[in-house]
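> What follows is the residue order along each chain.
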Amino acid sequence: MSRVSVAAASAWRDPRRFLLSWVALPLSLVAALLLGAVMMLVLGANPINGYNAMIVGAFDGSYALGSTAVQAAPLLLVAVGICVAFRANVFNIGGEGQLAMGGLAGSATALALPHLPSIVLIPLVLLAGAAGGAVWGAIPGAFKAYFNVNEILSTIMLNLVAVQVMNWLLAGPMVDKTQNSTYGLIPETRLLPRNSWLPIIVPNTQLHLGVLVAVLVSVGVWVLLYRTSFGFRLQAVGLSRDASRYAGMPVKRTMTLAMTISGAMCGIGGALLVFGSISHRMVTDGSLTGFTGSDGFNGIVVALFGALNPLWSIISAFLFGGMIVGGDALQVATGVPADMVTALEGLVVVFVVSLEYMRRRSRATSVSPAAGPKAQPSGLDPPQAPLVAAGERGDP
Amino acid sequence: MHMNLARRGALVLAAAGIALGTAAFAGGASATTVHSHSVTPHVSALKVALIAPSATNDLAFTQSMYAAIESLKGSENLQISVSSNEYVVSQAANIIQEYASKGYNLIIAHGSQYGSIIESLAPKYPHVSFAWGTAGATFGLKNVFAYEAASNEGGYVQGYMAALMSKSKVLGICGPIQTGDAKLYVDGFVAGAKAAAASGKFKVTSHAVYTGSFSDNSLMASCAKTFVSNHADVLTGSSQSVVGAIGVAKADHKVWFGTQWNQASIAPGNVVSSQVYNWVPILKQMITAIRAKTYGGATYVIGLGNGGERISFNTKYKLSASVKAAGLKMISQITLGNITVPQ
Amino acid sequence: MSHFFTYSVLTATVATALGLAAPFLLAALGETVGQRSGVINLGVDGIMLLSAFATYFTALRTGNLFYAILVGMGVGAVMGVVTAFISVTLKAEQGISGIGIYLFGLGFSDLLFIKLVGTPLPISTLNPINIPLLDRIPAVGGMFFKQTILVYLAFVLVPVVTFVLNRTTFGMKIRAVGENPAAADSVGVNVVRIRWEAVLIGCVLAGLAGAALLMFDGIFQENLTQAEGFIAVALVYFGAWRPVGVMGGSVLYGLAIAVVLEWKSLGIIPLSASDLAATAPAVITVLALLTVARRFRQPAALGKPYERGG
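Chains as they are written, first to last, in our numbering: chain W, 1 to 396; chain G, 397 to 739; chain Y, 740 to 1049.
Only chain W is shown next, with the shape it has when bound in the complex:
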């Protein structure tokens, strides 16, 4: 704790370190974008046209902004879930599966209760989504807490299970049997009840209620993490399980709860994907990311760029959503495949994460030598020390 506050105080004293802290992130973005420009040039596209197409496609006009926000909402929720889990030192890479489970739970609920009025049905399906994701997060959480099964293993496996269960359900028990069955049934549900469709809150755009929900949830989680005793417990458990146990905290329950909440966030995201969709059905093409669009992974990146802080994640999710929307526009405008954006994302992540080093190095030099080895960043399974410190940067 003291290490963190020392670092916070000293960040303001040394302008160089201050610059590094605040400038590193945008600088790494710029570096990656430059590399992207090089790639575009070699691909025979004009990078200026390319980036222009991306920016226009993502941010130019209310319609584009709406699309970006809609794309960002599930990402934000996944990121928020990641923030919660990381706080307790648990790396949740099960977002993909939790999204799927949330979508399924929400869809099943809506299909089962079509006659409820919107004011009841919409919150209900979102809650159902949260429940579905929560269950899928609780499993690896409990495995880790009570059986010491590493969460990376269990979440990866559960992702696979979830996708196949989703495929089975959408092609089987939950399939829309009213389809023309000559050509086989497309793996999709019946048209979801109109009362469950997330209403568009800005006319002539795609911006639906789900975006608002995501932002509110994000703020709520920020409060939970930084202003409640539960949040403090999470952090304590994250920093040291043994010390927390010694202090009488229910470590295992806390860890499981962290993963459960994390899963619940992703579950709501899954419900957003379904109920905010243009097609108003839950549909997949059978592939691993046909439903989620890799939001489960991209959300991790969003959380990183948001310095693991739910509030900053709002901004990074928006930017990331813009990148995805822009990527499609890029392909249409210049013929550069959307994979370019994926590769660019990867580069940006690598650069940002690498530049963390510079920040950490400069911070470490301010710690008193008497602190000795204890002053080492106690890395961990998931990122913590540097990004916990970063969390304080974004902590208003």
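One or more of the hints may lead you astray.
Claimed, not checked - Across the chosen pairs, the derived CB separations fall in these ranges:
no. : chain 1 : residue 1 : chain 2 : residue 2 : range
1   : Y       : M911      : W       : V223      : 35 to 41 Å
2   : G       : S440      : W       : G44       : 53 to 59 Å
3   : Y       : I868      : G       : T695      : 51 to 57 Å
4   : Y       : I876      : G       : T711      : 42 to 48 Å
Hints were generated in silico from the structure; no laboratory data involved. Since we're looking at a predicted model, the values are computed, not measured. For each residue, glycine too, the CB sits at the ideal point set by N, CA and C.
Please arrange chains G and Y on chain W, whose structure you already have, making use of the hints.
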């Protein structure tokens, strides 16, 4: 000091690596063209968008439509935009909406998974024509064309030939997902094999396995290997993931019947024939209708009888005359309507 | 069901399973070495994709499979340098940097594929090598001794890696660095260098895994691995950081996939249950997880970048 040098060095290395990799493009094959320019000025240009779930060079589903629409760009004065690899349905939805709102005249949603999007969006853009394949429903909407491939017809012919030419009388059928033209093809193939067995009075084993994914090449390859290990000597399958299975056929010296695209080039010594889709005739019909201000309401089927499908025999494969004759006979029977291919 | 329990079908199933398991095994062995030294690499899948493409492209252009595999390993080595630099030298957060490398590999491999390869053609792949004498053993011969060279290599590497880790000085250093880097440092072990070497080995093996996968499929495709690299990482945990355990997990996984396919092709699994059956490999692994006693704990310094002193 040491750190700085190492860091600088590695950054240079990384940049060099990336630069080298991308520089390789300079000598590489050109990509698929995206923008096309009008050639015949007397007819107004039509803006066409193609959204497909796999790559335009997938040697199967998407390539068949891409090649067809590209071939018409000059003669029909089309401006074509392509969004390929759109297998995430929600993102495809955004793109389709983009195209619709940007005044495209014809949006081809080439994939059965896009149906719900079309059903939902078409009513909002009544002056845009939506073409959806390959599942055959227009939802009763006036601006939706549906198109499908009666791939069961070619499947029947090839299944018939497969059963005749197989020595082990075990056929391997690798399907992706049980829907659309893939399911039709598989059903037709199995029916054809059974018909050959019935008329020739022998037994044939023709189980179909659905891998559950349109895109998982490895799973298709594994599926093919499993069949081969069960003594299948004739293989077939549908979707863009079959190239893995064709590779297995090639490696294990089995034969392959292809569909959706002429797959002879993939394994010239192993591919017997392919059911080739030709979407051009129905595309022309749609374009003509659109220019006449009819934006939908019709269902088009390509089949062996109307030139939309044909069985392309691989000239490099020495097919026995009797088997080929039997196949040709089946084709003419189906074309004449003498045989109704079960679905 | 009786069809399944015939000699030839069982043999074929196991043989397919081993062939399927080989890429997982190679990648997982590499990851084991890296993780024993304390470094997690979640970018394995991206590295496999890049090397699979490189292998494919080289084979396409030169027709020389050996050369192609070498190039695949080379790509693994280059990515190993990048990964080691980021994770060990720059001490970046390993989980996240790994995901960055995964995304980069995913996008870049497909970009290269789209731009450099016009219409994809399959390459001629490795021929199985039947080991003389051993392949005549009833049942077992057909299962184990009629594989391609990369499959043999994968399984041969298991005792090799075990030996290196447990009986060589190098292996001892790796383990020391993964358990207590400060102590290792104090007795003169160059922590950074050992981790670099371990990560490099890991990534070269990941490159080899990509090449093996490519050889299995015979052609490249977007996202060829379908997240296989992540499964390989998961298998390391499953195998409790021991090569033998990792082998067990890979074979189990490969068997699950092979058996499901076999049962589908024999009609044992009806078409209606086709999708549900696809969950089998993952579910089996999760169940096995719970039953395997958690005797082994992870390397104590896993995932923690090492910084000397304060």
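> Confirm or reject each hint.
Verification of the hints:
{"no.": "1", "hint": "Y:M911 <-> W:V223: 35 to 41 Å", "in the structure": "50 Å, violated"}
{"no.": "2", "hint": "G:S440 <-> W:G44: 53 to 59 Å", "in the structure": "29 Å, violated"}
{"no.": "3", "hint": "Y:I868 <-> G:T695: 51 to 57 Å", "in the structure": "54 Å, holds"}
{"no.": "4", "hint": "Y:I876 <-> G:T711: 42 to 48 Å", "in the structure": "44 Å, holds"}
The structure shown violates the earlier hints numbered 1, 2.
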